[in-house]
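Undergrad: Top to bottom, those sequences are chains X and F. In this note's numbering, each residue's number is its place in the first sequence (first place is 1) plus 59. In this note's numbering, each residue's number is its place in the second sequence (first place is 1) plus 43.
Hints in this document: simulated from the structure, not taken from any laboratory. Yeah, the Cβ is synthetic: ideal placement off N, Cα and C, and Gly gets one too. Take these hints with a grain of salt, some might be off.
[What the hints assert, rightly or not] Derived Cβ-Cβ restraints for the label pairs, each shown as a range: (1) T225(F) with F257(X): 22 to 28 Å; (2) D219(F) with S241(X): 18 to 24 Å; (3) R243(F) with L233(X): 44 to 50 Å; (4) L64(F) with Y235(X): 49 to 55 Å.
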Amino acid sequence: MPDYLQSKAGGCGGLCGGKCGSTMHDGVIRNNPIIHQVLGVCSALAVTGKLENALVMGAALVFVSAMSNAFVSLLRHQMPRRIRMIVEVAIIATFVILFDQLLKAFYWDMSKQLGPYVGLIITNCIVMGRAEAFATQNPPLLSIVDGVANGIGYMIILALIAIFRELLGAGTLLGYTVLSTSWYAPNLLMALAPGAFFTAGFLIWIINALRGGTGLPADKKREDS
Amino acid sequence: MKSTLHTLLFAAVLGVVCSTLLVTANLFTAPYQEANRKADQVRNYLAALDVPIPENASASDLIAIFERTIRPVRQGGLERYEYRPEGADAPQAVAVAFAGPGVWGPIEGVLALEPDMARIRGIRFFKQEETPGLGGEIATEGFLKRFNEKQIVAADGTPGFRVRKPGAADGPNEVDGITGATMTSERVGTMLDALAKRIRED
Numbered sequence: 060m061p062d063y064l065q066s067k068a069g070g071c072g073g074l075c076g077g078k079c080g081s082t083m084h085d086g087v088i089r090n091n092p093i094i095h096q097v098l099g100v101c102s103a104l105a106v107t108g109k110l111e112n113a114l115v116m117g118a119a120l121v122f123v124s125a126m127s128n129a130f131v132s133l134l135r136h137q138m139p140r141r142i143r144m145i146v147e148v149a150i151i152a153t154f155v156i157l158f159d160q161l162l163k164a165f166y167w168d169m170s171k172q173l174g175p176y177v178g179l180i181i182t183n184c185i186v187m188g189r190a191e192a193f194a195t196q197n198p199p200l201l202s203i204v205d206g207v208a209n210g211i212g213y214m215i216i217l218a219l220i221a222i223f224r225e226l227l228g229a230g231t232l233l234g235y236t237v238l239s240t241s242w243y244a245p246n247l248l249m250a251l252a253p254g255a256f257f258t259a260g261f262l263i264w265i266i267n268a269l270r271g272g273t274g275l276p277a278d279k280k281r282e283d284s
Numbered sequence: 044m045k046s047t048l049h050t051l052l053f054a055a056v057l058g059v060v061c062s063t064l065l066v067t068a069n070l071f072t073a074p075y076q077e078a079n080r081k082a083d084q085v086r087n088y089l090a091a092l093d094v095p096i097p098e099n100a101s102a103s104d105l106i107a108i109f110e111r112t113i114r115p116v117r118q119g120g121l122e123r124y125e126y127r128p129e130g131a132d133a134p135q136a137v138a139v140a141f142a143g144p145g146v147w148g149p150i151e152g153v154l155a156l157e158p159d160m161a162r163i164r165g166i167r168f169f170k171q172e173e174t175p176g177l178g179g180e181i182a183t184e185g186f187l188k189r190f191n192e193k194q195i196v197a198a199d200g201t202p203g204f205r206v207r208k209p210g211a212a213d214g215p216n217e218v219d220g221i222t223g224a225t226m227t228s229e230r231v232g233t234m235l236d237a238l239a240k241r242i243r244e245d
């Protein structure tokens with residue numbers, strides 16, 4: 060682990076047993092849910108046509124994943140093992156519906172644009188995966204950090220894909236014209252789903268190439284040792 | 044036995060807590076959501092009717108303008124929305140809603156006509172799930188502008204409307220369809236043609 064993270068871990072180490080920094084680093088960078096775990100790709104393809112949509116979707120995931128991790132972790136000793144998954148989904152669904160209701164009440168236009176994808180966070184593998192793999196085995200505060208970290212990791216990748224797609228597909232960024240249509244013909248392919256496939260694919264390739272590995276578990280072990 | 048009881052109890056308590064939370068959230072946000080939904084529809088009617096709207100008008104402003112200037116009138120089988128600005132004694136425009144199947148889901152919209160019930164004043168699609176970038180273009184300014192100066196009666200006086208292949212429109216009751224969205228264009232054409240005939244029948 061790099062040095063700067065050690066010092067950061069010291070900052071909130073008292074609360075999270077010194078694992079705060081490494082958990083954050085894991086979720087956002089080393090074990091990024093989209094690039095490394097290749098989870099949550101469905102919504103990464105669906106809502107990245109515009110940067111604004113991607114950011115709101117990312118915020119939704121940060122909120123849901125932090126809150127559900129917190130509650131799953133709080134209940135981890137009382138939770139009957141047999142209905143563990145159902146309990147996790149119930150908790151996740153509660154927070155997703157809550158976010159969706161708030162969006163519909165105070166951010167109507169965005170709610171219309173995101174359509175069914177906010178509701179589909181319930182089935183997002185990242186949230187479920189973190190609740191099952193992390194929150195059931197770690198204390199609440201650390202679980203919140205993990206949820207936020209994975210949400211941010213997801214948001215960063217979504218934003219990167221969306222920047223490419225909105226710029227090349229519509230010539231705008233956050234709705235402001237960057238490439239004027241007087242000389243730039245918007246690339247329809249980038250506005251549609253295939254554009255997201257290409258962008259996400261290239262992104263995974265570039266990041267793995269920079270890391271000097273294939274992103275497969277064997278490489279991860281080598282990095283760790 | 045004890046573990047079964049624990050499981051049942053746990054599930055029951057979790058269910059009650061989660062649903063209480065959601066019901067509370069719903070009670071709290073329902074009025075805002077309802078206002079948004081209504082304002083959305085009202086905004087489309089006002090836009091099609093070309094009613095002047097102040098910039099940054101809030102949801103309740105829009106509903107107030109709508110209730111002040113627009114009066115629903117039932118005539119034949121059609122609900123007509125007459126636009127009468129304050130002080131005017133005759134309607135200055137009339138809007139009629141339409142709906143029909145699109146490619147992926149229902150299309151709903153509103154068509155506004157001049158008082159002669161022939162010339163088109165404006166059109167809006169407020170619900171559509173067509174392919175984004177292709178059929179979805181029906182909701183964009185570019186497509187809606189093609190209806191300017193058009194009418195729902197052919198040059199020889201027969202009612203009807205057609206959405207033609209891109210570049211083929213030449214009559215006063217024809218507009219160009221969207222390249223790459225033949226199916227959506229055709230369905231919108233069928234919808235508007237049926238509406239034109241119904242309006243002219245009354």
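Undergrad: All the hints need checking, so say for each whether the structure fits it.
TA: Now the hints, each set against the structure:
1. A hinted range of 22 to 28 Å for the beta carbons of T225(F) and F257(X) is consistent with their spacing of about 26 Å.
2. Evaluation of the 18 to 24 Å hint for D219(F) and S241(X) yields a pass: the beta carbon distance comes to about 22 Å.
3. Remark: the range hint 44 to 50 Å for R243(F) to L233(X) is upheld by a beta-carbon distance near 46 Å.
4. One distance hint, 49 to 55 Å for the beta-carbon pair L64(F) and Y235(X), is violated here, with the actual separation near 38 Å.
In summary, the structure is inconsistent with hint 4 from the numbered list given earlier, while agreeing with all the others.
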